[in-house]
Structures are given as structure tokens and as C-alpha cells.
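Trainee: Start from the sequences, fold in the hints, and give me the full structure.
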Amino acid sequence: MKLNRRAFIGTAAAAAGTFAAPLLVRADGHAKPRVVIVGGGAGGATAARYIAKDSNGEIDVTLIEPTRTYYTCFFSNLYLGGFRTMDSLGHSYGTLAAEYGINVVHDWATGVDRDAKTVATAGGYTIPYDRLILSPGIDFVDGAVAGWDVTSQNAMPHAYKAGSQTELLRAQVEAMPQGGTYAMVAPPNPFRCPPGPYERVSMVAHMLKETNPTAKILIADPKEKFSKQGLFEAGWNDHYAGMIERVGPDFGGDNIEVDPNAMTLSIDGDVTNVDVCNVIPAMKAGKIADLAGITEGNWAPVNAADLSSKMDENIHVLGDACAQGDMPKSGFSANSQAKVCANAVRGALTGSTVFPARFANTCWSLIDTNNGVKVGASYEATDEKIAKVDGFISEVGESAEVRQATFEESVGWYDGITADMFG
Amino acid sequence: MKGVARYILAVSTVAVAAVAHADVGGDATRGEDLYRQCSSCHQIGAGAVDRVGPHLNGIFDRAAGQSEGFRYSSGMERAATGGLVWTYESLDAYIEDPRSLVSQTRMSFRGFDDQQDRDDVLAYLRLFSDNPRDIPESAPTAVAVDHEVAPEILAIVGDPAYGEYLSGECTACHQISGAASGIPSITHWPSEDFVIAMHAYKDGVRLHPVMQMMAGRLSNEEIAALAAYFEDIE
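Going down the list, the sequences are from chains A and B.
Under the numbering used here, the first residue of the first sequence is numbered 1, with each subsequent residue one higher.
Under the numbering used here, the first residue of the second sequence is numbered 424, with each subsequent residue one higher.
It should be emphasised that the hints constitute simulated quantities derived from the structure, not laboratory data.
Note that the structure is a prediction, hence the values are computed from the model and not measured.
Check the hints yourself; a few may be wrong.
[Said to hold, decoys possible] Which chain B residues face chain A? A few, computed with CB under 10 Å, are given here: (1) Gln489; (2) Ser490; (3) Glu491; (4) Phe493; (5) Leu589; (6) Gly591; (7) Thr594; (8) Ile599; (9) Ser604; (10) Pro632.
[As the list claims (entries may be wrong)] No farther apart than 20 Å at their CA atoms in a straight line, the calculated lysine to any residue pairs in the SDA-like style are these: (11) Lys53/A / Gln635/B; (12) Lys161/A / Lys225/A; (13) Lys223/A / Asn189/A; (14) Lys388/A / Ile656/B; (15) Lys388/A / Gln635/B; (16) Lys225/A / Lys209/A; (17) Lys53/A / Ile656/B; (18) Lys209/A / Lys161/A.
[Said to hold, decoys possible] Chain A regions said to be covered by chain B (calculated; three or more residues, Cβ under 8 Å): (19) 75-87; (20) 267-279; (21) 333-343; (22) 358-369.
Think of the CB as a built atom: it goes at the ideal place given N, C-alpha and C, for glycine as much as any other residue.
Mentor: See below:
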């Protein structure tokens, strides 16, 4: 049988009937269904754009995002390495407002009333919704690294939310004395962008190799292994031999204490004076998910088919904040999840066709100039989770031409996904 | 294909020699080999038609953006409006680095760095911009098919609306605008070319791991739907 969209409607209507039924009651008696989205990153901006684009004005879309210029966390390591400018990572919401009719509210979401189906903002507004999509990214677990909290982030930056923290970290690396030590406290699983800390080490090493070649990099890591480990370690050996030392849990990498005033890092009681200390604490879902009462532990569990909260069918959670199964927490994943969610939300609110969920992720990392590697996988929705179907990873020992092509591909991906997010 | 060039050269030595040879110092036979890098997008020779890119017959001294019926990128249209003409010099610059000459061109070819390579390719193209192009016996010298796909698969008529939904998996990387920077454009491909390319990934003939993974779980009908959507995308 030829399967196309119309055939799918016929064959899948019974099975997917849950999603196809339009919502009859609108919030606040509003003429159109209302979708409110909190968080304007890879998940939220994509969801807003796709719902607005595909509903052709049938749905009112409000996007709540405090920043007027959004700096992508993905590719921010390349800024540290000198391969991108900060300006090139910044994106405005102007096109989403002007061309897609999205109501972009620059404000902090401070609470969710699930009974009234409203979102409160720091600016004092109460915004009603029929469906709420939360894509708040990550926050840090209090007390995850002994001696560190958010008040010490200027002395020991996390730089895991792009922008001023990223600029601060780069300035600190540039100011290191010759032969000084850059330390990184790596986070435990799960966390945003599994290869991110190790790409960062590569980029800092690249920078130091050019300006401060006798400097050292020390990684305290609570994990036994990490994403693309073989590729990174081979790359570090080839390009930054003798510069990088990683201390895993076997040698105390999971027993860390820092002193931001003294600029020391203690690994299993062994105190080291450092010049820069990049503390990336354990992570949890962005605070609004907790405030909405839809978290379990540090993350918000969701149903794989439509990213709806397991605790509230009218709330969906995207990207880093959700516990969905096998997908890594990445911008690509959030973008992929957003499209599935947008399709499901639109179907629920207008009766439009809901297609089967499909997910994919690819993650590129830069090791040195024109030396890119990648990993990726495809996924499907099961009753239990988003489950991995297939995957690939770059090989150790690839030619320079392959690595350069991989890097150039990553640049193309950046242009593609940001266009997909912001129009 | 090499035989075709040799054939053309054999019967048209005088004509080719008469064509501004001072400008065309390359080896057309070697150029035909190099042209294979172009042939998945551009046809040339008798019977050549527009495919992913416009056909290249008569390209020399033709104003840019003038192949009737071909949908050029906005970048190429701007260049055409600005008076770009495909002279030896402009073609040389274009095949060295397409985007340096025409920003936002959909031609995602990395370019020929080597001057001799460019001379050779241009010598080959030149064969089809003068008398040799009119030889009636000439067969098409470039065919976009790089992978055999069963006729019944090529005959599937895809649903562009379903393709639009499926395209969400493509647009995390490929740009709807047709712009290309490190990842090639996939807009406005002739449907057949798109289907052939996707099946080449699906069957492991084309080697890119991301595309093999993405194509690998698409059914024949879904590939046809994507092809239909991207062919006529606005």
C-alpha cells in the first residue's frame, strides 16, 4: 500500500485518536487556543516557530524568554578557542515576532498555576494557556561541588549558560600566567551536552598552545567514562601532548572541594593551587519545571510520544529539562523533540493530523583547527521512553580531510539549526 | 564518458583549435575526469537538461542565471541582475570558490584549488560551448544517476504535505532557504535525483554516516514524499 499523509490519516486515526481530538474548552474563553512556551532556546524557539508556522494563525503562541539576545550554548566552546565571535552566537527573536506572529514576552516565568492553567511572570503578568510547553534548560544542584555556589561564579565560572560567563572564562584563560593551571570540575551524569566539557578542554588547550604552551589543564571528573572519550583522548595526545591530565573517580575525581577565595582545588584531600577553575556543577531541570510541580528528582519525566509531562497532560517539557529516555541533553535533541511536540500540541488543539514521533540527534565537537568529530543516533517513541534505534560515531585515526569536512559540516549545522529555531 | 570527449576531440580538432585557445590552456580529456565531481548536479552534452544545477551547454559567454525554466538561488539572481557573464575568468573564479563569487549560491561545491585543474575543467566545458556541442551524434555526457533505483520506486508519487512533516528531520541541518555552508542545499532538486541520492545513502553506496542513518529508516514512500516537498518548496 502506498503510504502518504492521507493514507496515514486513514490507517492511524483509530490508534492516534487521543491526539486527534480537538480541545473544546479554551483557556479564559479565548477565541483561539493558546499555547504558552517558557524558554526560548533550541526547544522553546523551535516549538514556537513550528506551532505558529503550521497552524496558520489558528493558535495564539506566546513565548516567555527573559533575554532579548539569545546566545547559543552550542558552539560557545568555539568562542573560547577563538574560532567564533560572541556576536556570531547571538540571535534575536525579532523574526519570530514579526514574521510568525509569536507574542514574545521578555520576562521571567515565576510560577505555574496548573488548576487555573496560567503562568505568572516576574513582571506581574498572568498569562493563560491551553497547553504549556516548558523548555527552561538547566539549573545547578545546590551544594553539588563543596565550596561552590552561584555567588562564587565570578571567581570560578561555570560558563555552562552562554553569554557573560563564557566571556569571563575566556578572559580568565587569557590572563593565566605562563605555565599556570586551568582546572575543570566536570559534572556527573546526566548533564547538558555530554561532550561539552571535553570539547571545552580541547578549545582551552588550543588557546593555551598558542599563547601559553607550558600551561597545564587538570580535569577532576566524577565519571568513569565520557562521550567520545576515545576520540578526545587520541586528539589530545596528538595535538596537546603532556598538557592535559584527567583525574577520574578511581583517583578521587568524585571527591572534590574548591575554595574560590584561595583559588584552590582539592581532589580527594590533595590541594592544588590553580589559576582558573571552571566549575561545572551537577545539573537539574530549569527551576520553572520544579515550580510547576512536574519534576521527579532533578528532572521532569515525560511521555515519549509527545513530550507531555507524566504529571500533567496539559504541560509538555522539552530538551535539557526533561527525563525522556535515551536521547542526550543537546540543542539538536531539543530541536528534534520540539517538532514532535509541536505537531502533537497542534493536533490536540485544532484536530490537525498527528504523525508518529521521530527523533534524531547529531553532536559535533572540535578538537583542534579543522579537526571535527561527531556522534549521532536516531530514536523512536516507545511506551517507556524515547529509545535509541541506530547510531554512529567518528573513527579514531580519520584523515585530515575527513576531519576538516566534519568541522565544515558542523558550521553548516549551526547555520541550519539556528535558522530552524529563529526563522 | 572519457570516450565521448575523445570522440568529440577527434572530430572537432579544427573547431576547438579555432576557439580562443589562448584562453583555454587546459587538457579537456583530463578535465572530463575532473568534471565527474560536477556531474551529479550538472549535465552537459547533447540532450543535457537542468537537474540539481543548470545544464552547462553553451555556458561560455552566457549571461548568468539565464537557463530558461531553472530556478536559481536568490544569490545567483542577484549576480545576474548585476551583470555577471560567464567568461573564462568568471567561470575560473566560480569553480575555484563558488561562494566567493556568488554569495548564497546553492552550489555547495568546495571548489578546485589547483589552477591546472580549473584550466582542464574549463577546457572540457568549452567543448560544449562551441561547434562541438552541435554534433548530432553526441550522447549526453553526464548523467545524474549515481545509483540504480528500481523503476517502481522512482514511479512513486510522493505527498508533499507528508514530506513537509518529515522535513523537520532535515531542517535541523539543511536550510529551507537553500543556503549552503558546509551542508549542501537540498531544495529544488528534481524529484528523481533526490530519490536516487537518498536510496544511495539508504543502501550504503553514499557514505555519509548521518545521512545513512537518516535515510536508513525512511520508507520508499517517505523518501518520495520528501522529494516532492523539497522539489517545489517556496
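Trainee: Hints first: check each against the structure and report whether it holds.
Mentor: Each hint tested on the structure:
no. : hint                : in the structure
1   : Gln489              : 29 Å, violated
2   : Ser490              : 26 Å, violated
3   : Glu491              : 30 Å, violated
4   : Phe493              : 24 Å, violated
5   : Leu589              : 8 Å, holds
6   : Gly591              : 4 Å, holds
7   : Thr594              : 5 Å, holds
8   : Ile599              : 7 Å, holds
9   : Ser604              : 5 Å, holds
10  : Pro632              : 4 Å, holds
11  : Lys53/A / Gln635/B  : 29 Å, violated
12  : Lys161/A / Lys225/A : 23 Å, violated
13  : Lys223/A / Asn189/A : 7 Å, holds
14  : Lys388/A / Ile656/B : 31 Å, violated
15  : Lys388/A / Gln635/B : 16 Å, holds
16  : Lys225/A / Lys209/A : 25 Å, violated
17  : Lys53/A / Ile656/B  : 15 Å, holds
18  : Lys209/A / Lys161/A : 25 Å, violated
19  : 75-87               : violated (count 0)
20  : 267-279             : violated (count 0)
21  : 333-343             : holds (count 4)
22  : 358-369             : holds (count 3)
Violated hints, listed in ascending order, are 1, 2, 3, 4, 11, 12, 14, 16, 18, 19 and 20; each of the other numbered hints is respected by the structure.
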